[in-house]
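Hey, can you work out the whole structure from these sequences and the hints?
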Amino acid sequence: MSVVWNDGSTPEQVRITPLGWLRAVLRGVLILVVILSGLVLMLFLRLIEKPVFGVNRPVTPWITQAVCTLTLRILGLKLRLSGEQMTRRKGAVVANHASWLDIFVLNARKRVYFVAKAEVAGWPGVSWLAKATGTVFINRDRREAGAQVRLFRERLGAGHKLLFFPEGTSTDSRRVLPFKTTLFAAFFDEGLRSFMHIQPVTVLYRAPAGRDARFYGWWGSQPMGPHLLKVLAEARNGEVELVYHEPVQVSEFEDRKALAAYCERVVRDPLDLELAKAAE
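Position 125, counted from 1, in the sequence shown is what our numbering calls 170; the numbers after and before it change by one each time, with no gaps.
For the record, the hints were derived by calculation from the structure and aren't laboratory data. In this text, a Cβ means the ideal position worked out from N, Cα and C, and glycines have one as well. It cannot be assumed that every hint is accurate.
[Stated by the list, open to error] Restricting the straight-line Cα-Cα distance to at most 16 Å, the calculated cross-link-like pairs of lysine to aspartate or glutamate (EDC-like) are:
| id | residue 1 | residue 2 |
| --- | --- | --- |
| 1 | K176 | E94 |
| 2 | K135 | D234 |
| 3 | K123 | E284 |
| 4 | K135 | D300 |
| 5 | K302 | E199 |
| 6 | K176 | E164 |
| 7 | K155 | E129 |
| 8 | K123 | E286 |
| 9 | K225 | D300 |
| 10 | K155 | E286 |
| 11 | K95 | E199 |
| 12 | K135 | E235 |
| 13 | K135 | E199 |
[To be verified] Simulated restraints, written as ranges between beta carbons of each label pair:
| id | residue 1 | residue 2 | range |
| --- | --- | --- | --- |
| 14 | K135 | K302 | 19 to 27 Å |
| 15 | Q294 | L318 | 20 to 28 Å |
| 16 | K135 | A280 | 37 to 45 Å |
| 17 | K176 | D52 | 31 to 39 Å |
Structure (structure tokens):
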């Protein structure tokens with residue numbers, strides 16, 4: 046995950062009280078135990094699951110969901126859902142990207158497989174988790190478009206719901222950046238277009254009472270460590286809402302630009318509405 050978007054604004058300064066430090070340590074230890082326990086169990090089950098089911102994962106995704114759900118509960122971050130999740134149709138999910146928390150939030154209620162840039166596979170610690178949970182790694186190189194399509198076709202054909210962040214970077218959680226169209230091109234391959242559906246999802250964070258509305262946003266030059274500590278130390282965390290929009294079929298759109306523009310608009314609408322209500 047790369048934090049590169051910056052509008053020049055300054056995030057709120059991280060100030061942690063002694064009680065906050067204690068809370069952060071306790072929560073951090075609990076979350077670490079949950080993640081490591083889930084990872085060990087998942088790697089053990091994959092020894093059986095992989096040779097028997099191949100690319101299919103009938104068991105281990107439930108562990109991912111359980112780990113992410115427990116993590117949010119330990120943080121005290123409430124999760125609300127709106128709309129209906131795409132279950133029977135084969136396809137992908139696209140969402141706005143505000144924070145490292147998105148990984149836990151989006152995994153907690155839906156069996157999804159993230160699509161990440163190839164560099165993530167080399168990140169210490171993170172790579173283990175990403176590989177164990179079935180993350181799809183890609184190189185953003187047009188010369189490898191054919192290989193990407195074949196990989197997507199295999200995973201989508203197995204019923205996997207691939208999840209993309211078309212903005213390409215995280216934000217302050219109060220806006221949706223223009224969606225990049227490159228990855229949408231793969232969906233128009235003749236082997237995918239006929240059955241492929243896309244479900245746009247809006248991730249709406251609501252800050253703890255009295256905090257900056259951008260509390261959960263991770264952007265600009267913010268190091269992950271202080272941002273993580275801030276969330277861990279917060280006495281009463283806020284909430285996040287996932288708005289699941291109606292899935293659309295790729296074949297209904299003329300090209301990748303039209304599909305990307307539609308998804309961007311649908312994902313942005315709930316956030317714009319919430320900002321308008323806050324301004325009243």
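Okay, the hints, checked on the actual structure:
1. Restraint check for K176 and E94: the C-alpha separation of about 15 Å stays at or below 16 Å, so the hint holds.
2. Annotation: proposed proximity of K135 to D234 holds, straight-line Cα distance about 15 Å (limit 16 Å).
3. Our distance criterion of 16 Å between C-alpha atoms is met by K123 and E284, whose separation comes to about 4 Å.
4. For the given pair, K135 sits about 19 Å from D300 by alpha-carbon distance, which is inconsistent with the 16 Å threshold.
5. Note on K302 and E199: the hinted pairing is violated, with a Cα-Cα distance of about 24 Å set against a maximum of 16 Å.
6. Distance restraint check for K176 and E164: the Cα-Cα separation of roughly 12 Å lies within the 16 Å cut-off, and the hinted pair is therefore satisfied.
7. With a CA separation close to 11 Å, the supplied pair K155 and E129 stays within the 16 Å bound.
8. Pair hint K123 plus E286 holds up; C-alpha atoms about 8 Å apart against a cutoff of 16 Å.
9. Annotation: proposed proximity of K225 to D300 holds, straight-line Cα distance about 13 Å (limit 16 Å).
10. Between K155 and E286 the alpha-carbon distance is near 13 Å, which keeps this suggested pair within the 16 Å criterion.
11. A distance of roughly 15 Å separates the Cα atoms of K95 and E199; the hinted pair therefore holds under the 16 Å criterion.
12. Our distance criterion of 16 Å between C-alpha atoms is met by K135 and E235, whose separation comes to about 15 Å.
13. Proximity of K135 to E199 is assessed by CA-CA distance (about 12 Å); at most 16 Å being required, the pair is judged to hold.
14. Distance hint check for K135 and K302: the Cβ-Cβ separation is about 23 Å, which falls inside the suggested range of 19 to 27 Å.
15. Checked against the hint of 20 to 28 Å, the C-beta distance between Q294 and L318 comes to roughly 26 Å, which is consistent with it.
16. Range check, K135 to A280: Cβ separation about 43 Å, and the 37 to 45 Å hint holds.
17. Distance hint check for K176 and D52: the Cβ-Cβ separation is about 34 Å, which falls inside the suggested range of 31 to 39 Å.
The structure fails hints 4, 5 (numbered hints given earlier, in ascending order).
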